[in-house]
Amino acid sequence: MDNRYGTTSSGNSITVIPPKSGWTMTGFQELKDYRDLFYFLVWRDIKTLYAQTILGFMWAILQPLVQIVIFTIIFGNVAKLSTDGIPYLLFSSVALIPWTYISLATVQSSQSLIQGSSMLGKIYFPRLIFPITPVLAKLVDFGISMFIIVCIMLYYRVSPTWNLFFFPLFLIMMVSIPLGIGTWLSTLAIRFRDVRQAMPLFIQMLMFSAPIVYSASSIPEQYRFLYSLNPIVGVIEGFRACLLGFPIPWLYVWPGMVTAALLVISGTVYFKRMERIIVDVI
Amino acid sequence: MNNDLAIKVENVSKCYRIGVKENMHDSLGASLLHFLKNPLQNYRKYRSLYQFDDLRPEQGEDRTDVIWALGDVSFEIKKGEVVGIIGINGAGKSTLLKILSKITPPTSGSITIRGRISSLLEVGTGFHPELTGRENVYLNGTILGMRKKEIERKFDEIVDFSGVEKFIDTPVKRYSSGMKVRLAFAVAAHLEPEILIIDEVLAVGDAQFQKKCLNKMKDVGEHGRTVLFVSHILPAVTRLCSRTILLNGGRVQVDGPTHEVICVYLNTETGAQAERRWVDLKEAPGDEAVRLCGVRVRANDGYVSETVDISEPLQIEIEYEVLQPGHDLRVYFHVFNEEGIEAFLSFDNDSAWVKRPRPLGRYVSKSVIPGNLLSEGRYFIGPTIRTENPSIKRLGVNDAVAFHVIDSMDGNGARGDSTGNIPGVVRPLLKWETQFNPKEAHVEKN
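Read top to bottom, the protein sequences are chains A and B.
Okay, so the first sequence: first residue is 1 according to the working numbering, each after it adds one.
Okay, so the second sequence: first residue is 1001 according to the working numbering, each after it adds one.
The set of hints was computed from the structure by calculation and includes no laboratory data.
None of the values given here were measured: they were computed from a predicted structure.
Any given hint could be a false lead.
[To be verified] Derived pair list, reagent style DSS-like, types lysine-lysine, alpha-carbon separation capped at 25 Å: (1) Lys-1149/B / Lys-32/A; (2) Lys-1149/B / Lys-47/A; (3) Lys-1166/B / Lys-47/A.
Work the whole structure out from these sequences, hints included.
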């Protein structure tokens, strides 16, 4: 017998439903118990996204690919932005693929509670599943679009280096950004629908705040720490270093890591504090 | 908490804030201006939706911006009990279910639950139109709290129960709404919790499927599981639940054996009642010849009553006043059941007045409907009066009064010791005789 709701592990689980209390950090075991639900919700997100399309999963490649081409033409050939000597196609693709993941996952995670509101009022399962699901589901698109990077790297004959060893670290950092922002904004969006209106602006600002179209080295040195507090900076600089074989610029990375960790922790705490009353306000 | 208790609810109250008043503006421009001028006010307004800290049940009653959906509700449910929850709309049934299902927390008080619990406030939660039937079974099953392995094990049974085998790999958006509901219910019916909480999900599907579901639910109850069943379908509650809790205005009004609680419920329920009077004759149904003064239903004990036992007779009384002398009246009434099906019609055949001109004055026509005739459920009486030669309908009131036939299942009725659903508008107690003749069988063999 599963012990989904209980605090004891014997066959007879006991659930106590107390009046709402503020700060609780229990219930992570519960998330683990619901891993099958995670699996099917992620599966639903992936399958339905490309349902009844001709190109299917090709869209996961086509969308970032078109963007890479446009950026290369405009920023690389017309505006001729500095890339520290890297071919612009390579420079932008290594940044745009993680950025596409971060922006899509952030938007969807932030809207997850409002979109799931009909389900919220009808059934209980750990509410954290809502913002986490798109963060996981978008990883599949990300994985597919990594294929573009591999092709472009092969074309420019970039060979992998030992730096790849650090790649998982930057993947974790990348995932933590939509997770942290999503837990915060999905809860806030329940109370203030302004969040949805502000979302496109917010995403656009994020994009230009990170070294996606330009190189991080063009930021004046005295602002570098402030600039690097943005975790996206660290992710993109990290991706470039790992994949293209530059030394990893830790100065750009570690401030963002601290921010990302704080975002995830504070977002989860805030979410847990609010999760029981979400349904009454939605 | 005692070991034999499944659910213990202690002083649970729940309050909702509804106090976000929209400011009224008479033009789009004015309301836009308001939005521009008052972001801070809006912030405070929407923020207040979240704040309950200052609310206590005792002082909250007089606040206008909050609603107490439940007030100080306490009860205990033993393991294996099948309990019904009834009440008019707004009595707090859904709120109670939502609190028990952990969807929304109580404002005060607490609940202790022993055992694995599943709740069905809706069938097909999370169904996605683009996914196939098979995928939706898995998705819906895990949403309801099942494990993947568990669903794999029961998958064939679920599909079999739903009757949509042929389309199991078709996207659900191509299903008819009936197929969707059947598949969804099939998943729900195969949950195996120790405690099951069900809202009125039975109000879906055709009659045959509803019956299948009721039987399945009865099985669940008989397997020693605890069931909490909220419904408006009183016959279903009578059939499934031995105990019923009546909620009224967010409080427990009665908690006891089902047929007693249903009596109380029907007696307090607003709407059609067992007696109706028209004091002002000018307002009463009818015309210059005859007007209706009152209609009532009396149980076997002679008192006006909304509930009557299935094995006992009841009396219908129609009171009317003749305003023009000399008419030949024809007095009768229709009997409709809950589904609007006419059970029968009966004429006043008292030979003292049939085909005789009536003098001015007040009359009461009484008729007795015998016991063991009508089936369980609610009935509506529609009295009608005509004058003959020429035939003119003088009055007719649909659903003037109503009563409820209750089967107390004491073994004396037509159902005997059966407890299942018995179909049919009527349920007569017929005389049966079975002859046993072994010789004839022997003769035929040769």
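Could you work out which of the previously given hints the structure breaks and list their numbers from low to high? none
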